[in-house]
Amino acid sequence: MKVKTALLGAIASTALAPMVLADAHEGERGRDGEVKIIYWQAPSILNPFLSGGTKDVESASMIIEPLARYNSSGELTPWLVDEVPTVANGGVSEDLMSITWKITPGILWSDGTPFTSADVKFTADYCMNPDMGCAQLTKFEGVSSVEALDDLTVKVTFDKPTPFPYGPFVGGESPIIQAAQFADCTGAKAPECTDQNFGPIGTGPFVVTEFRTNDVIQMVANENYRDPNKPAFASVTFKGGGDATAAGRAVMETGEFDYAWNLQLAPDVIAQMQEGGLGTPIAGFGPLVERIMLNQTNPDPSLSADDRSVVGPHPFLGEEAVYKAMSMAIDRPLLVEVGYGQAGKVTCNWIPAPAAVNSDTFTCDVQDIAGANAMLDAAGFVDTNGDGVREANGVEMKMLYQTSTNAVRQDFQALIKQWMSEIGIEVELRNIDASVFFGGDPGSPDTFQKFYADMEMYANTFNGTDPQAYLANGLCDKAPSPATQWQGENISRFCSEEYDALHAQLTGTANADERASLARQMNDIMVSEGGMIPLVHRGRLSAHANSLGGIELNVWDSELWNVADWYRTGDNR
Amino acid sequence: MTDQATVDRIENSVSRSQWWDVWDQFKSHKGAMAGLFFLVSITLFVVIGPWLWQVDPTKLDIRSKDIRPIYTALWNGDAKVSWSHPLGTDNLGRDIMANLMQGGRISLAVGWTAMILAVFLGTTVGVLAGYFRRLDGILMRFTDLMLALPLLPLLLVMMLLFRDSLRAALGPEQGIFVLVVVGIGITSWMQTARIVRGDILAIKEREFVLAARSIGTPSGKMITRHLLPNVLSPIMVSATLGLATAIITESALSFLGLGFPPDFATWGKILNDSVPRMVNFPERVILPGMMISLTVLSVNYIGDGLRDALDPRLRGR
Amino acid sequence: MLTFTIRRLLLSIPTLLFIALVIFLLLELAPGDPMGQMPLTIPDEVKQKMREALGLGEPWYTRFSLWLYQFFIVEPQYWIDGIFGTNFADGAQRIISFQSRSPVFDTIAERIPQTLWVVGMSYIVGVLIALPIGIISAYKQYSVFDQCGTFVTMIGFSIPPFFTGPLLIFIFSVQLGWLPSIYDTTLVVDDWESFKQQFKQMIMPVMVLALQTTAQIARYMRASMLDNLGQDYVRTARAKGMKESVVVMKHVLRNSMIPVVTVIALGIPAIFGGAIITEQVFKVNGIGQLLIIAIQGSDIPMVMTITFLFAVLIVLFNLIADVLYGVLDPRIRYD
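Residue numbers (full-length UniProt numbering), protein chains in the order written: chain A, 1 to 573; chain B, 1 to 317; chain C, 1 to 335.
Quick caveat, the hints were computed from the structure, so don't treat them as lab data.
Every clue listed holds true.
On the chain A side, residues computed to face chain C include the following (Cβ under 10 Å):
(1) A188
(2) T213
(3) D243
Each residue gets a CB set at the ideal place from its N, CA and C atoms; glycine is no exception.
Turn these sequences into a full structure, and let the hints steer you where they fit.
Right, dumping it as structure tokens:
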């Protein structure tokens, strides 16, 4: 008896201990008052189909939700459905031509009406309308039809076997909007529906009460949210605008805000803010890589507009000794230390995440200036005229190195310029305003697509965990040229038959391991044949107030994916 | 004939002694002399400095980054200081003293040239519009147009149109220098033009102008002899304020990619880049800020002194 | 003077149309792309379709005429409808921003209060401080007051707001914790408590902006007063036994106001244009911040509309300045 009670007591105490902790953030909806979020880029619209901007997609993700999304470890998680359809559970057809989603019964829109398959079908029709200019059209690529089989079942059919059918209705970029609300807003009329675009009705934990474009959003808890105890916060103030420094300061130093998004700041600046003691930076790693793209074509300004950066090859950047030596001369650990700190890792790969596709072929974490010099000497690229700059193939090794304006990137430029000069390569630097650099204006000479330079630095990533579409950025026919109005994703104009063949193979492969292996091979070709020099695997660094709990930084989906689970811990306040 | 010759000689001797008078008057102005002293010192610092302090301002030495200025050791024994970097280094280990010198060369060159260009343009437009009634309408509507144009797109278009051809013609550095100076100059003359025109409108109705006109003074002489000297003080103020604006604007341009390449330091850019770290490294904002302020203050006091010295009513008082 | 004003008002219509054309062409020519801020994960074909949905497929003159039509016909109709409850507009397409896809005038109306409160207030404060400083500095030239005034105003002018802003925030928000570092644009002032809060959040941006205004106007005021104090008419007036205060405050001041009026007339439209850097630093989210975001996002309808409204104010206030010259100095004639 005594033993039994003692045992029971022991069990109770061990069981109770976590429960006591848990109790602090369990309770009724709206118990924790207000949460204040700051994004230094201000949301301009709450309809992600009309704007693909991260700020817009993420702010909207608090209101409207997809059927399934990625969790913080990159796994597909059911959201408005009971399970993610797979071939194994019969949700995806054997021939990979269709996927059938079964919606969880009982989900309500925030206006109290039931959430049905008709809404899902409407969303697909809305985005696939050719007059609309839908920003998330790629999510619906290859979709031939979407049918509502019954109130809670949706079947998506593709026009060809699709090994990765999780494009439509998956992830923060592809949420479901309410058919009743947007019925009159289809096609060319989509942008005119300001009220709807600024205040979509959703199934998410919050409801918009006031939306001021490019400024502030005010939200309150959704009374019809599916979990009666969530969200813990009764209201949200979502402020946008300013700069990353001010956002970080407002969370970590003055405590005016609870959460600051994407603090692209030098590590010493972050560290200094952290001394404020009110907040904590958190980092998460997706596939974002800061890289130097090497121009495979000739960017000589004396060439005509039709030939400059269109016809190849580059006078010397195609030489293996040159790009290998350049890569060896770069001290990547130092770049990480100077530019990103805990939000950066050394990488030699184009696709460092998810872990399955991260190739282990290369090592590049040690700078080797002497080795780089020896490699260039051995290849016969030596300084013959004594000006301190090597010559290759009859031209001086002088390069123009451009990037967007950003304090960290300018520091990188300065460092890399110095290392290049140590191996006898002269580099001229140029920085361009980000809105021009990343803008696709064919009239501007300074876009990253036109690439009127020898090397350029920027970061790129992909959504979700499947790199197939991203790997297409290395295909020969994706190179920008005047014929395509300089549109195209193959920025370095890399072209390899072997690579194209592997990509064709990838599109027809369903097995996850085989897909990962193909992706690794393609990554290796891109890096070893000099399409780019990967520098830093960049993480997303955000900061939250110490008094805010439940945060799981998600780099595979919207950062605010689990805002319903956030709560106040009671620390430091 | 002889009479004419005597008049000429007298005028010559008068004008020569007049400039001596101006200098004498200027010398007695303490503020102006102090301003002149500081301006000459700063100019010498940036012009002669790089020959005496031969450290490459773009040289990175990451091992000796974030060194504090030597004077920090006075109150903080633990501070990381080094005699090889008397004013410290930045976050990549670049020597701050060398950067201040090199940056000062560019800032002063850009500031002076752009300011002179803007003041010259503004004064010309203002005088012409104020004096010739027929030009007034068209010139002032043009001024309205220039005031209304959004600055950023204007500068971006300038860069688009002229950067590559200037770069080819004059080389990367001179080409960009011309572009920056012209960019600042042609976007900041309008206020001077409006002010000068307003004053000219009033002055040209004064008795002495009417008297000069009645004896048949030609327009050119009228402007240089009678009108310009009387609008000198607002022009001086415009020039002083314009110098400060030009130095600061230059740093904004480099953010657009319109300015100098990112490894070219200027005072404005050092100041701008250092703002996020101003708590731990206040010297990085204070030093360039002080350089800019001192320059502007000196020019202001010199302007005051010149104005007093050039005013015959005040001279000898 | 009345005929002059009417003639100038009539003349300003073609002037403004020409200015609109130049601005539009400038924005067309400027490198930039409304899709520039979309993430790189969106492929180029999709971006091209989005551009077409924005109407960017049309030639520039079609888009310019459409903008003119919307600005001068449709928007006033909506405005009248809003006041009288009529229905002239009949659902016609308003000027829509590329970024938010909402009518630009709604957004501008949302931003005006912040801008007027902060930038307008700073201008008033600046002018009110500057005028006495300028006058006293000139009257007591080279006194201690003059020297201090000169020193402070010149330092204030030569230190840019991107430095003074963060400095003030560091002192008053981070260290002392007295003032908020982020402006709350949703604050409604309806009682003493919220007024105090509004006052607190306005102090820093107003201080930063007023410093610049003060420096500029005080310098011009002082220079102009000095010029006039040495004139013969002042000596005459004093010789006649006029009171010193009358001489200075009435005659000298009036004649010295011309450059100051010019500067103020140029400054008032700038209030509407907002203060880009200061608004960014303190997150005031007024017109200046709206304009810079629109420019960065190549939001042509928004930039065009704001810039054009700005141009209207410039033309108008320069006209007012010209009329005021005539009032201050009746000898100035334009006809």
